[in-house]
Amino acid sequence: MISSPGSSADPCDARDGSVPAWDDAPCPVLVLDSRGRIAGRNRAARRLTVSSPGSDVPPSWLAEAHRRHVAGTPDPTAGTPAGTFGSRSYEAQPSPSRDGHVAWWLFDRTDLAQAHETVRETRERADAASRLFSTLLSSLNVPRCAEVAARMATDHLAEAAVLITPPTGHRYAVTHALRGRRVVQETRQIDPLTVPGLDEALRGFPPVPARWINPDAIPDWVIPEGFSGPVGSVLVTPLPGHGVPAGALVLLRSDTEKGFSPEEEVFARLFASRAGTALSAARLYSEQTAITATLMRELLPPPLSRVHGVDYAGRYRTALDHERVGGDFYDVHPGPDESAETFVALGDVAGKGLDAAVLTGKIRNTLHALLPLASDHLRVLRMLNGALLTSHHARFATLVLASVKRQDDGAVRLRLTSAGHLPPLVVRADGRVEEMPTQGTLVGALPEVTARTVETVLAPGDTCLLYTDGITEARGGPLGDELFGEERLRQALEGCGGMPGEALVEHVQMLAAQWLEPGSRHDDMAVVAITAPRGGTSAGDRAPAGAGGRARRKA
Amino acid sequence: MSGPRASAGELGEALWEAVIDGDEYDAVDVVRGALTDGWQEEDLLLDVVAAVQARIGLEWAADRITVAQEHAATAINERVITALVHHRSGTRPAGHRGRVTVSCVDGEWHAFPARLVAETLRLRGWQVDYLGAQTPTPHLVAHQHHTNSDAVLLSGSIPTHLPRAHTAITACRSVGVPVVAGGRAFGVDGRYARALGADAWAPDARGAAAVLEAGLARPTGVRQAVDDLPHLADQEYSMVVQARGRLVKETLAELERRFPPMREYSDAQRERTAEDLAHVVDFLATALYVDAVEVFTDFLGWTADVLSARNVPPHSLVTGLDILADHLRDFPRALAMVRAGAAHLTGRTDPAVTDTVV
Numbered sequence: 001m002i003s004s005p006g007s008s009a010d011p012c013d014a015r016d017g018s019v020p021a022w023d024d025a026p027c028p029v030l031v032l033d034s035r036g037r038i039a040g041r042n043r044a045a046r047r048l049t050v051s052s053p054g055s056d057v058p059p060s061w062l063a064e065a066h067r068r069h070v071a072g073t074p075d076p077t078a079g080t081p082a083g084t085f086g087s088r089s090y091e092a093q094p095s096p097s098r099d100g101h102v103a104w105w106l107f108d109r110t111d112l113a114q115a116h117e118t119v120r121e122t123r124e125r126a127d128a129a130s131r132l133f134s135t136l137l138s139s140l141n142v143p144r145c146a147e148v149a150a151r152m153a154t155d156h157l158a159e160a161a162v163l164i165t166p167p168t169g170h171r172y173a174v175t176h177a178l179r180g181r182r183v184v185q186e187t188r189q190i191d192p193l194t195v196p197g198l199d200e201a202l203r204g205f206p207p208v209p210a211r212w213i214n215p216d217a218i219p220d221w222v223i224p225e226g227f228s229g230p231v232g233s234v235l236v237t238p239l240p241g242h243g244v245p246a247g248a249l250v251l252l253r254s255d256t257e258k259g260f261s262p263e264e265e266v267f268a269r270l271f272a273s274r275a276g277t278a279l280s281a282a283r284l285y286s287e288q289t290a291i292t293a294t295l296m297r298e299l300l301p302p303p304l305s306r307v308h309g310v311d312y313a314g315r316y317r318t319a320l321d322h323e324r325v326g327g328d329f330y331d332v333h334p335g336p337d338e339s340a341e342t343f344v345a346l347g348d349v350a351g352k353g354l355d356a357a358v359l360t361g362k363i364r365n366t367l368h369a370l371l372p373l374a375s376d377h378l379r380v381l382r383m384l385n386g387a388l389l390t391s392h393h394a395r396f397a398t399l400v401l402a403s404v405k406r407q408d409d410g411a412v413r414l415r416l417t418s419a420g421h422l423p424p425l426v427v428r429a430d431g432r433v434e435e436m437p438t439q440g441t442l443v444g445a446l447p448e449v450t451a452r453t454v455e456t457v458l459a460p461g462d463t464c465l466l467y468t469d470g471i472t473e474a475r476g477g478p479l480g481d482e483l484f485g486e487e488r489l490r491q492a493l494e495g496c497g498g499m500p501g502e503a504l505v506e507h508v509q510m511l512a513a514q515w516l517e518p519g520s521r522h523d524d525m526a527v528v529a530i531t532a533p534r535g536g537t538s539a540g541d542r543a544p545a546g547a548g549g550r551a552r553r554k555a
Numbered sequence: 001m002s003g004p005r006a007s008a009g010e011l012g013e014a015l016w017e018a019v020i021d022g023d024e025y026d027a028v029d030v031v032r033g034a035l036t037d038g039w040q041e042e043d044l045l046l047d048v049v050a051a052v053q054a055r056i057g058l059e060w061a062a063d064r065i066t067v068a069q070e071h072a073a074t075a076i077n078e079r080v081i082t083a084l085v086h087h088r089s090g091t092r093p094a095g096h097r098g099r100v101t102v103s104c105v106d107g108e109w110h111a112f113p114a115r116l117v118a119e120t121l122r123l124r125g126w127q128v129d130y131l132g133a134q135t136p137t138p139h140l141v142a143h144q145h146h147t148n149s150d151a152v153l154l155s156g157s158i159p160t161h162l163p164r165a166h167t168a169i170t171a172c173r174s175v176g177v178p179v180v181a182g183g184r185a186f187g188v189d190g191r192y193a194r195a196l197g198a199d200a201w202a203p204d205a206r207g208a209a210a211v212l213e214a215g216l217a218r219p220t221g222v223r224q225a226v227d228d229l230p231h232l233a234d235q236e237y238s239m240v241v242q243a244r245g246r247l248v249k250e251t252l253a254e255l256e257r258r259f260p261p262m263r264e265y266s267d268a269q270r271e272r273t274a275e276d277l278a279h280v281v282d283f284l285a286t287a288l289y290v291d292a293v294e295v296f297t298d299f300l301g302w303t304a305d306v307l308s309a310r311n312v313p314p315h316s317l318v319t320g321l322d323i324l325a326d327h328l329r330d331f332p333r334a335l336a337m338v339r340a341g342a343a344h345l346t347g348r349t350d351p352a353v354t355d356t357v358v
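These protein sequences, in sequence, are chains A and B.
So for the first sequence, UniProt numbering puts the first residue at 1; every next one is plus one.
So for the second sequence, UniProt numbering puts the first residue at 1; every next one is plus one.
In isolation and in its complexed conformation, chain B is listed as follows:
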């Protein structure tokens, strides 16, 4: 150990510089230097590398870096993790605590949080099968039959994957493996993890390790997926999902009629708007699935912020919701959510913006 140890903040700043420059060598040097100075791998992972990754996401949302930069920076940060955890591999006993599976929800591309959990658990002596991003649920379940895990740790960042997370949770529990859910998708307090029948929820990698160390009982008895969510009986979720393309098309056409500047949009701009509307419908469907309007309003608030950062006034969003409401009159639960969404946006935007709603 040489000299005063750098703080997490100082290391984070140095790592951020290297990562955003795309300089993998400098980035790896930052963490290796910290290890030499006496930093623990787990603290580096969770207090430095994870913080830099969070900053990458924030910078993208604020439009200070492009999506390509976000991907490039994430790829380099992943290599930093690899360098970090392989630094002392072989010196510690692996898997003496038990065997677990770490996986992302089917459809989830944000693998970074799951990777942090996997490496943290490995450092703490668990044998970890890391299945990574985009793991189809059939593979996850087949893996359980194959390995007899003590637990599945399921990571989800984007709430629209919650319905598929539910499928995975139900399937894993039905083969007798308890599920710990984690990640932003499950809500800041884990409320959707509980709603979807997960055995436990963890806010972060250390929390996940604590849940495992406390021990989890094997689920017994068979639950059907619908047992958790009786409101699905109204079939509004299925209807909205099936009508997704039509809802977007009709809303887009009506938006153009009500909002003349849109007629001048380029194809690319038009497609962006269509994508925004498709996201609105996807989040509405998810809110219907878990029966929580906050899923929808939180998304709208976030979208309005992202649009503002890109100098796109969010008023077309409110108009879009009004049009959507017209098409959902036969679906009371969906209609109430869309109205709540519009009210949420109107409440938080300044009056000048709402005035421009046509």
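This is chain A alone, in the form it adopts within the complex:
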């Protein structure tokens, strides 16, 4: 019922027989009277109101704008009035008309509004995806990754999500997430063949696309506890693992929330790809960490405690903060019984880091094998020297050997031999500090080694301190460029008479660490204290809980 040009369906439009100029305007014009009723419309507007030509009620947004316009109280916070009319969006501009009526010119902004809306949605989705994926990629812990991925899947994709990672042994780690509930993780035996596509996804081969499966065919363990109502649809999505299988994600929707829109499918695919990347990275990391930990176990410094009535304490700090092993080492090999000597070695391999650590492992193994000969320090050093010279390592080492035996009177007899190493210091209970005059050549460099062994006796409360040059060569201090040096160490030790060995090694490590200029490079630092316990009780008597008997990681 579109009127032809010139004709007038509404007598109001053609009052005085004249047609207003705007009747032919390309944009719709609505004339509203003082009460807000439609008092006139041009041709374009008539086309717009074709479905309800008799209605004189404008859209509510326009009515509101008109009311404010008439009352002279425009909303200062609002811009140009805008809203929908029919299926399209318009901006409205007023112009005065006859009899106090107002002609509202409607400018079509449908495309602009759509573009704005699309931009907003795209930005929101990108922000959500970015937040999602940065959280997903933040942890290298497999269970944590699985937890995050499953929870996010329930936040964004389906009411329930089940994430299954490849098995260790016969058991699979299964992560259940239900929207708004806590994520539950368990390991269980499952038969992956009972869920179509799951077996391939867990093997990582052959590649299969995500697929919808029959909800009636899934085994009970797939459905998370608390899932309300029957399962409407099930999607099995393999997680791509870049060469390693990463697992599979099963998404479950209830009857009421069936099916995915094309956009959701795209997002689900992207999500699976990112979750797979995160999980496989975490998996690789944990495998590498486990390998490193196993290989490293033999290289870590051993925990020390009381052996045959003598207290031992040791502390180690590596040159590189991110590493746990380096070029310094120490070991305490208890004698077969109290009447036999306990053999102690502390040393320093040229260089730092993993390469140096590997050589310390070799030296420690060699010394261990030479234990039956340990009473003859020079012989031990000669054999070690021979072993190092014939190995492919071009590195050399310095070390101190000590044979320790507690006497019946509570004093501890010590035989000490230095092979190119800093001389041990004895801290007497009264604070006197004595340097042990043992010296010898380093091992692994020359065909012949020579060394002089010295003997001393520790009275109760005395400590013999073995340390590496990382301590004395710590560079820093208040002025920033001085070496800590042997003299400062001796002075500090003068205040340490009678200290328990543990406290002493901690104190020495602390002084060196505090001397270092913050953030500066330093060498490995190892300190071992051999202390004759105070109190005069015989070995094993009244050993306090935790002093020696505390169960600790086996070295």
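Be aware that one or more of the hints could be misleading.
Said to hold, decoys possible - Taking CB as the label site, the calculated pair distances span:
#: 1; chain 1: B; residue 1: Arg194; chain 2: A; residue 2: Thr110; range: 46 to 52 Å
#: 2; chain 1: A; residue 1: Gly519; chain 2: B; residue 2: Asp189; range: 26 to 32 Å
#: 3; chain 1: B; residue 1: Leu216; chain 2: A; residue 2: Asp409; range: 53 to 59 Å
#: 4; chain 1: A; residue 1: Gly353; chain 2: B; residue 2: Ala253; range: 36 to 42 Å
#: 5; chain 1: B; residue 1: Arg194; chain 2: A; residue 2: Leu112; range: 40 to 46 Å
Derived from the structure by calculation, the hints contain no laboratory data.
C-beta atoms are modelled at their ideal positions from N, C-alpha and C, and glycine is treated no differently.
For chain A, the structure is supplied; the task is to place chain B on it using the hints.
Showing chain B alone in chain A's frame:
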């Protein structure tokens, strides 16, 4: 249970005597006796052992015990904890509440408070990974990837470790693990914990347990370290840290010029003075990092007290600050802090002392 139960004060006194004598056996006997009398492990740990440890620190600050005695006493007190918590181990379920990591800030040597927190949480049923003192931040973060902790409890006693605490907090949160900060370093009301982006702060071990029991949300979204501290953009922190050695050297030389008795100092005395100045610069840098002048003035006040206890008049400190100010004229934030520090010291010392400033 036999006889009237000893009070916390009485037990503390007995434990103090044993610890300061270096008598580990007596010390262990004190807590074992208390357990037999019906004391709870947690109360003994936090009301007796912790109080004795606090007293060790106070006695050192007052120069009534040496640093070696402090270390020895702390070592014995640590053994007391071990004896205490192993007393009934095995009788309670471990880790039914969840798994947490307790660690000191990188560079922090005071492990005792962290140990108290770790043992308290174990007693309350948490599975605790105790990483102890001097934990490099890379190890702390690697441990999070390895274990998937529910939370990290980070302990710091000395404020100069706050910048490194910030690194640790940011790193742990970025891998999705919430951080509870605690210890004197974070301020009496925990204000620096909040400034550095920690998820929560706890004043003590019981507070830490309460925070965990209330539950912590996993941090989401990635924050950069600089988001917390926009003032770092002026780079004054970096400049002061890099110039540390030079600032100390120049201040020392100028001090000798202005303060003739210093020329007679022995090498050791000279080094002590240099160390004091280095500490001043370290605390200034920390105050710049967290943008809080109280970090600096509190340290100066404490140092003045420690020096007074050792009969060293603190006026050289004020002179040192004046000289330092001359070298920091290009750094408005640092300069304002040094001036505030000098004013703080002058305000609290008696007039006779300030008169001697040369």
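We went through each hint and held it up to the structure:
1. As the Cβ distance of arginine 194(B) to threonine 110(A) is approximately 49 Å, the hint placing it in 46 to 52 Å holds.
2. The hint said 26 to 32 Å for the Cβ distance between glycine 519(A) and aspartate 189(B), and at roughly 30 Å that hint holds.
3. Under the hint 53 to 59 Å, the C-beta atoms of leucine 216(B) and aspartate 409(A), about 57 Å apart, fit the expected range.
4. Against the hinted window of 36 to 42 Å, the Cβ-Cβ separation of glycine 353(A) and alanine 253(B) comes to about 39 Å, which satisfies the hint.
5. Look at arginine 194(B) against leucine 112(A): about 45 Å separates their beta carbons, and that is inside 40 to 46 Å.
Checked against the numbered hints given earlier, the structure satisfies every one of them.
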